[in-house]
Structures are given as structure tokens and as C-alpha cells.
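J.: If you want the building blocks of each chain, they are given just below.
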Amino acid sequence: MTQAAAQPTIVKYPRTLVVDAVVNPNAAGAPNNLGGQQVLTVPQDADFEWWWLAAFRTSFNLKVQVQESATTRYMVYSQSGNPQGQGNSAFLGIYIDLFAGLVSNNGAFPQTVPYVMPAGRNYVHSFTDLSGAANTVELAYIGYAMLQFQPGAGGGQSSS
Amino acid sequence: MSSGAMSPTRLMQKTPNPYWGMVKKNTIQGAVYRQGQMSPPGLEGGFPTWVYAEFPTIAPSDTQDLTLYVPDDFTLLGYLGSASQMDGGGFSFQVYDEDRNIWLNDRLINFQCLAGTGRAPLIEREPYDFKPDKPQVLLRVANHSILQNDIQFALYGIVGGSKE
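These protein sequence lines map, in sequence, to chains W and X.
Those letters in the first sequence? Residues 85 to 244, per our numbering, in order.
Those letters in the second sequence? Residues 1093 to 1256, per our numbering, in order.
Hints listed in this document are in silico derivations from the structure and should not be mistaken for laboratory results.
It is possible that some hints are incorrect.
What the hints assert, rightly or not - Quick list of simulated restraints, FRET-style, between CB atoms:
| id | chain 1 | residue 1 | chain 2 | residue 2 | range |
| --- | --- | --- | --- | --- | --- |
| 1 | X | Gln1240 | W | Val102 | 35 to 41 angstroms |
| 2 | W | Pro194 | X | Arg1232 | 25 to 31 angstroms |
| 3 | X | Met1178 | W | Gly204 | 40 to 46 angstroms |
| 4 | X | Glu1218 | W | Gly204 | 32 to 38 angstroms |
| 5 | X | Gly1180 | W | Lys96 | 30 to 36 angstroms |
| 6 | W | Asp129 | X | Asp1179 | 51 to 57 angstroms |
| 7 | X | Thr1149 | W | Pro109 | 32 to 38 angstroms |
| 8 | W | Gly204 | X | Gln1156 | 23 to 29 angstroms |
| 9 | W | Val187 | X | Pro1148 | 27 to 33 angstroms |
| 10 | W | Val200 | X | Glu1218 | 21 to 27 angstroms |
| 11 | X | Leu1214 | W | Asp129 | 31 to 37 angstroms |
| 12 | X | Arg1232 | W | Pro92 | 47 to 53 angstroms |
| 13 | X | Ile1238 | W | Arg157 | 38 to 44 angstroms |
| 14 | X | Gly1134 | W | Thr142 | 55 to 61 angstroms |
Unchecked claim - Listed below are several chain W residues computed to face chain X (Cβ distance under 10 angstroms; list not exhaustive):
| id | residue |
| --- | --- |
| 15 | Ala138 |
| 16 | Ala139 |
| 17 | Thr142 |
| 18 | Asn189 |
| 19 | Phe193 |
| 20 | Phe233 |
Unchecked claim - Here are some, though not all, of the chain W residues that point toward chain X, as calculated from beta-carbon distances under 7 angstroms:
| id | residue |
| --- | --- |
| 21 | Ala154 |
| 22 | Thr156 |
| 23 | Val160 |
| 24 | Ile178 |
| 25 | Tyr179 |
| 26 | Leu182 |
| 27 | Ala184 |
| 28 | Thr196 |
Here a beta-carbon is modelled for each residue, glycine too, at the ideal position from N, C-alpha and C.
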């Protein structure tokens, strides 16, 4: 009798990935030059299944743009269809209150279809302040680490 | 047991409620809800995407049209909107699929009825697929304020996914 190959087991446990930034007042121009750029790196031990996006910010006059490093895809597109570059470097992204919810103010933004962020991948966040004062921002990606276990590998060991 | 008509007490305080049994419980929920779908199927693996438009200096009571160039393979899941001036309701909007020649809402509708925000999103029950290649959307915005308004609007959705 042949035995089927042992399938790895994925155990999900709650995890929150956080991006923090203090954005300089009245920062203007291309996002990459603002000093308000922060990189979120997904931990190496597991893929991350993103379900909710929550935010804290000092002022709502803050724009945000996110780029996935490996694919170079942007999350926010302008009306012209070019998120950045290609003659559209002035596009600074979307106001943060349309991008994420404040948990203290009734809710976080749900990903209708959860997105799996691969382990180790970088997400570059560009923040632009339009309030005229230093803007402290924190984005919380709420979801689950998808820890992979190989049967027989022993408890607590990830295969990745 | 006395009837509800004879005693003016609140129905919810009665055990059992006198209307109990008038509607078949095994059919009413089935007619309203769809069972067992946590997320719209067919979009797994797609990339969350916002298509953003802004009308920073729209004149009082003015109406403007704008063409949005939507990314390929974009599936619409909801609208987001906000405005700097909220008198008169802020603004109303209407969305037109230029490839299929259909209005997605039949008339201008106040954005607070149809568009959510980051903390209170409104998600479409049925995802809407635009044409896969270079879709275009006409966005019509009407300022309801008596002042110049700064209007923000976004389409929220998914690019790609297992539908490919």
C-alpha cells in the first residue's frame, strides 16, 4: 500500500504588522523625497494574510501611497491610470481616512478579499503631510500569520 | 394569556410575542441571505487597489465630469468619498462604465448614501468586473455646497485574482 505524501499543515495565528512614521510638516513633491517613507517587511517565518487596515494619525490631512517591492505594483492609482512616474510624479496617493479606518472611531477598513503578503516581502509606504504640522501616523495591518508545519518536523517548527 | 390589543404593553415584553408563528422561519432568512460566502469568490490572490480622483476646487453648485483610467483586470467592490464642505450634503455622484455604456447608478446620488470611508466602508454585495483591458469610467460629481469644495472620491477593488 502506498502512502500519500504528508501535506504541510498551515496554522493561522493572529498577527499585526505595523508601520510608524512622523511626517514632516508641509512636505511636498515626490513621495520618495519626503522623509515620510517607511518600509513594512513581512516577517520571514510566515506569509501574512491581511484582513483589516487600521490607522492612527495626528491630522487627516495626510496622503499615503503603498508600493509592493517585488512586483512594483502600487495600491493607489490616480485618475490617469498611472500611479507614479510616467509623467505623474506629482500624484501623492489617497487621503488616509479613505484608505484606513480609525479603530477608536468605529472601525478598521476590511479587505473584502484577504490578501496574502508573502514572507519577507517589502511594502514601501510614502506619506505626505498637508496639515502644516508634524503628523504622527501608525498603520496597523491586522490579520494572520500563516505558519506552515511539516508533519513529523516537531512542534513549533516552521518549514519556511 | 391576554392579547396584545387589550393591553398596551410593548410587544417585545411579551413571551411569546403574539406575532410569533405568523411568518415561516425556515423561508424568511433563505429569501434574504446568501449562505456560506465569507468573501466574494473568484478574487482570491488579487491585489487590493484604490483608484483615486480629486476635485480640489470645484465651484459652488457646479457639476464636473472626469474620466478615470482604471487598471486592467479591476473588479469594483465599493466607493469611498469625502468632502471639505458638507453643507447641502457635500456632493452627489454618478458612475458610468464607458465600455459597456451603462450607468452604475441611475441618477446622481448623495455620496453619503453610496460611498463609505476608511472607518465605515460600504462594500458591494456583488463584485463588478470592468472590461479586462484598459477600462474607462466616467465619474460625474455635483457639488451641493454653496462654497467652493474639495471633493475626494475613490473606487475600491481588486486587480487580478483567480478569475484570471
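J.: Hint by hint, note whether the structure agrees.
T.: Tested hints:
Judged by the Cβ atoms, the range 35 to 41 angstroms given for glutamine 1240 of chain X and valine 102 of chain W holds: they are separated by roughly 38 angstroms. In this structure the hint that proline 194 of chain W and arginine 1232 of chain X lie 25 to 31 angstroms apart at CB holds, the actual value being about 28 angstroms. At roughly 44 angstroms, the beta carbons of methionine 1178 of chain X and glycine 204 of chain W sit within the given window of 40 to 46 angstroms. For the pair glutamate 1218 of chain X and glycine 204 of chain W, the beta carbons lie near 36 angstroms from each other, so the given range of 32 to 38 angstroms is met.
The supplied range of 30 to 36 angstroms is broken by glycine 1180 of chain X and lysine 96 of chain W, whose beta-carbon atoms lie about 47 angstroms from each other. Hint check: aspartate 129 of chain W to aspartate 1179 of chain X, Cβ distance near 52 angstroms, so the stated range 51 to 57 angstroms holds. Taken as a hint, the range 32 to 38 angstroms is violated for the pair threonine 1149 of chain X and proline 109 of chain W, whose Cβ atoms sit roughly 23 angstroms apart. Checked against the hint of 23 to 29 angstroms, the C-beta distance between glycine 204 of chain W and glutamine 1156 of chain X comes to roughly 44 angstroms, which is inconsistent with it.
Remark: the range hint 27 to 33 angstroms for valine 187 of chain W to proline 1148 of chain X is upheld by a beta-carbon distance near 29 angstroms. Hint check: valine 200 of chain W to glutamate 1218 of chain X, Cβ distance near 24 angstroms, so the stated range 21 to 27 angstroms holds. Look at leucine 1214 of chain X against aspartate 129 of chain W: about 36 angstroms separates their beta carbons, and that is inside 31 to 37 angstroms. A beta carbon spacing of about 51 angstroms between arginine 1232 of chain X and proline 92 of chain W agrees with the range 47 to 53 angstroms that was offered as a hint.
The supplied range of 38 to 44 angstroms is met by isoleucine 1238 of chain X and arginine 157 of chain W, whose beta-carbon atoms lie about 41 angstroms from each other. Taken as a hint, the range 55 to 61 angstroms is violated for the pair glycine 1134 of chain X and threonine 142 of chain W, whose Cβ atoms sit roughly 40 angstroms apart. This hint holds: alanine 138 of chain W has a C-beta 9 angstroms from the nearest C-beta of chain X, less than the 10 angstroms allowed. A hinted interface residue such as alanine 139 of chain W counts as satisfied when its beta carbon comes closer than 10 angstroms to some beta carbon of chain X; here the least separation is about 7 angstroms, so the hint holds.
With a cut of 10 angstroms, the hint placing threonine 142 of chain W at the interface with chain X is violated, because the nearest CB-to-CB distance is about 16 angstroms. Interface hint at asparagine 189 of chain W: satisfied, since its Cβ lies 5 angstroms from the closest Cβ of chain X, which is below the 10 angstroms cut-off. Nearest Cβ of chain X to the Cβ of phenylalanine 193 of chain W: about 5 angstroms, under the 10 angstroms cut. The hint holds. Hint on phenylalanine 233 of chain W is violated. Least Cβ distance to chain X is approximately 22 angstroms, over the 10 angstroms limit.
Because the closest C-beta pair between alanine 154 of chain W and chain X is about 12 angstroms apart, greater than 7 angstroms, the hint is violated. Taking 7 angstroms as the C-beta contact cut-off toward chain X, the hint placing threonine 156 of chain W at the interface is violated, the least distance being around 12 angstroms. With its C-beta approaching chain X no nearer than about 5 angstroms, valine 160 of chain W sits inside the 7 angstroms limit, and its interface hint holds. Proximity of isoleucine 178 of chain W to chain X holds as hinted, the smallest CB-CB distance being about 5 angstroms (cut-off 7 angstroms).
The beta carbon of tyrosine 179 of chain W comes within 6 angstroms of a beta carbon in chain X, closer than 7 angstroms, and the hint placing it at the interface holds. The interface hint given for leucine 182 of chain W is met, as the beta carbon of that residue sits about 4 angstroms from the closest beta carbon of chain X, less than 7 angstroms. Here the hint on alanine 184 of chain W is kept, as its CB sits about 5 angstroms from the closest CB of chain X, short of 7 angstroms. A cut of 7 angstroms between beta carbons decides the hint on threonine 196 of chain W: the least distance to chain X is about 5 angstroms, and the hint holds.
Taken one by one, the earlier hints fail for this structure at numbers 5, 7, 8, 14, 17, 20, 21 and 22, listed in ascending order.
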